[in-house]
Amino acid sequence: MSIRKALTALGELLVTAGVIVLLFAAYELWGTGVYTSGQQSDLHSELNREWASASAAATAPATAPPGSTASPSAGATPTAVPGAVPAYDIKHVPLGSGLAVLRIPKFGSDYDKVIVQGVGTEDLKRGPGHYPGSAFPGDVGNFVVSGHRTTYGAPFNRIDELRAGDPIVVQTATNWYVYRVTASEIVQPTATDVVSPVPHHVGEKATTALMTLTTCNPKYSAAQRLIVYATLDATSPSGSPPVTVLAGG
Amino acid sequence: MYAWLWHHLPGSRATKALCALLLLVAVLALLFFVVFPAVEDWLPFNDVTVDPGSVNPA
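Respectively, the protein sequence lines represent chains A and B. Position 43 of the first sequence, counted from 1, bears residue number 396 in my numbering, the numbering being contiguous throughout. Position 36 of the second sequence, counted from 1, bears residue number 1436 in my numbering, the numbering being contiguous throughout.
Hints listed in this document are in silico derivations from the structure and should not be mistaken for laboratory results. Ideal Cβ placement from N, Cα and C applies to all residues, glycine included. Treat the hints with care, as some may be off.
[As the list claims (entries may be wrong)] Sample of chain B residues with no beta-carbon within 12 Å of chain A, all distances over it, derived:
| # | residue |
| --- | --- |
| 1 | Thr1415 |
| 2 | Pro1444 |
| 3 | Asn1446 |
[Claimed, not checked] Derived list of chain A stretches under chain B, where covered just means 3 residues or more per stretch with a C-beta under 8 Å from a C-beta of chain B:
| # | segment |
| --- | --- |
| 4 | 444 to 453 |
| 5 | 472 to 480 |
| 6 | 525 to 532 |
| 7 | 555 to 563 |
| 8 | 573 to 579 |
[What the hints assert, rightly or not] For the chain B half of the interface with chain A, some residues (derived, Cβ under 10 Å), not all of them:
| # | residue |
| --- | --- |
| 9 | Met1401 |
| 10 | Tyr1402 |
| 11 | His1407 |
| 12 | Cys1419 |
| 13 | Leu1421 |
| 14 | Leu1428 |
| 15 | Phe1432 |
| 16 | Val1435 |
| 17 | Phe1436 |
| 18 | Asp1441 |
| 19 | Leu1443 |
| 20 | Asp1447 |
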């Protein structure tokens, strides 16, 4: 009966392997989301703290002698008034740290994802990532953000539903930016020209402020990339959020 | 395999069941906290960026 025993063992092994694959699928779909939601809540409180200290530094009287405040941006911004250099500078946010908050009213009022700096594997596990080297929010050029479609909280799960005119709201320490979707397309994973300052026109100098979202396509695959383009429509200071847009207007 | 395991767990039926449960929890923890996170970076469905050498995780 040794053949029968061997077959039984083989069967048990195969069933076990099948269960492990199913568990892995469950981990990818839900387990990774638990990680990301924890990271996102950390990022939210981190950003709130940094932005609060940045606005306090910006409004504080410039009495401190130059160079007395240990600021990572000191020296990098020659036009800044000495002593009034904010401790927080969006252009010097380290990889993996929060940069801005992304809101897409179409996905509900509770959709607020912290965009991190960087698109490395570990960065994107925390939230949507800003391509280093691409424009910053509101700047002329292309503000490029990548995010997961199906795992790690799946921030860009539904961006295929975005249509021309739909608002994408980006909040930074100083401003609110409302971008409006202009187009979307599906490209090959190697189509790096979509992230250039003028999409599809590599080397051309940008004249408008654009935003580009990239994610994988189709869902649960990495065969292609889904790209959504938007253009800057309105800017307001941090004190006056675009209430009607955020409410879905 | 599982019959062999059950046979080698100590004690009465109740303690065997308890041991089996503990083993199951240990294996699941190992999978979810060590094996799966290590394996997923080798699989392609987390690729969301465009890059010239794309196929491997960005």
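Here's how the hints hold up against the structure:
Every CB of chain A lies more than 12 Å from the CB of threonine 1415/B, the least distance being 23 Å, so the non-interface label holds. Remark: the non-interface label on proline 1444/B conflicts with the geometry, its nearest Cβ contact in chain A lying 4 Å away (cut-off 12 Å). The beta carbon of asparagine 1446/B is not kept farther than 12 Å from every beta carbon of chain A, the shortest such distance being approximately 6 Å. With 0 residues bearing a CB less than 8 Å from a CB of chain B, the segment 444 to 453 of chain A misses the requirement of three and the coverage assertion fails.
Taking a C-beta to C-beta cut-off of 8 Å, the segment 472 to 480 of chain A contributes 4 residues in contact with chain B, enough for the three needed, and the coverage statement holds. Residue count for the segment 525 to 532 of chain A with a Cβ under 8 Å from a Cβ of chain B: 0. That is fewer than the three needed, and the coverage hint is violated. A stretch counts as covered by a chain when three or more of its residues have a beta carbon under 8 Å from one of that chain; for the segment 555 to 563 of chain A and chain B the count is 0, and the coverage is violated. Here the segment 573 to 579 of chain A counts 4 residues with a CB under 8 Å from a CB of chain B, which clears the bar of 3, and the coverage holds.
A least Cβ separation of about 4 Å between methionine 1401/B and chain A falls short of the 10 Å threshold, and the interface hint therefore holds. Hint status for tyrosine 1402/B: holds, given a least beta-carbon distance of 6 Å to chain A, under 10 Å. The restraint placing histidine 1407/B at the interface with chain A is violated, with a minimum CB-CB distance near 13 Å, outside the 10 Å limit. For cysteine 1419/B, the shortest C-beta to C-beta distance to chain A is roughly 18 Å, which exceeds 10 Å, and the interface hint is violated.
Interface hint at leucine 1421/B: violated, since its Cβ lies 16 Å from the closest Cβ of chain A, which is beyond the 10 Å cut-off. Nearest Cβ of chain A to the Cβ of leucine 1428/B: about 7 Å, under the 10 Å cut. The hint holds. The closest approach between the C-beta of phenylalanine 1432/B and any C-beta of chain A is roughly 6 Å, which is under the 10 Å cut-off, so the hint is satisfied. Interface hint at valine 1435/B: satisfied, since its Cβ lies 8 Å from the closest Cβ of chain A, which is below the 10 Å cut-off.
Given the 10 Å rule on beta carbons, the hint for phenylalanine 1436/B holds: about 5 Å separates it from the nearest Cβ of chain A. A hinted interface residue such as aspartate 1441/B counts as satisfied when its beta carbon comes closer than 10 Å to some beta carbon of chain A; here the least separation is about 6 Å, so the hint holds. At a threshold of 10 Å, the smallest CB-CB gap from leucine 1443/B to chain A is about 8 Å, leaving the interface hint in force. This hint holds: aspartate 1447/B has a C-beta 4 Å from the nearest C-beta of chain A, less than the 10 Å allowed.
Of the numbered hints given earlier, the model fails hints 2, 3, 4, 6, 7, 11, 12, 13; all others are met.
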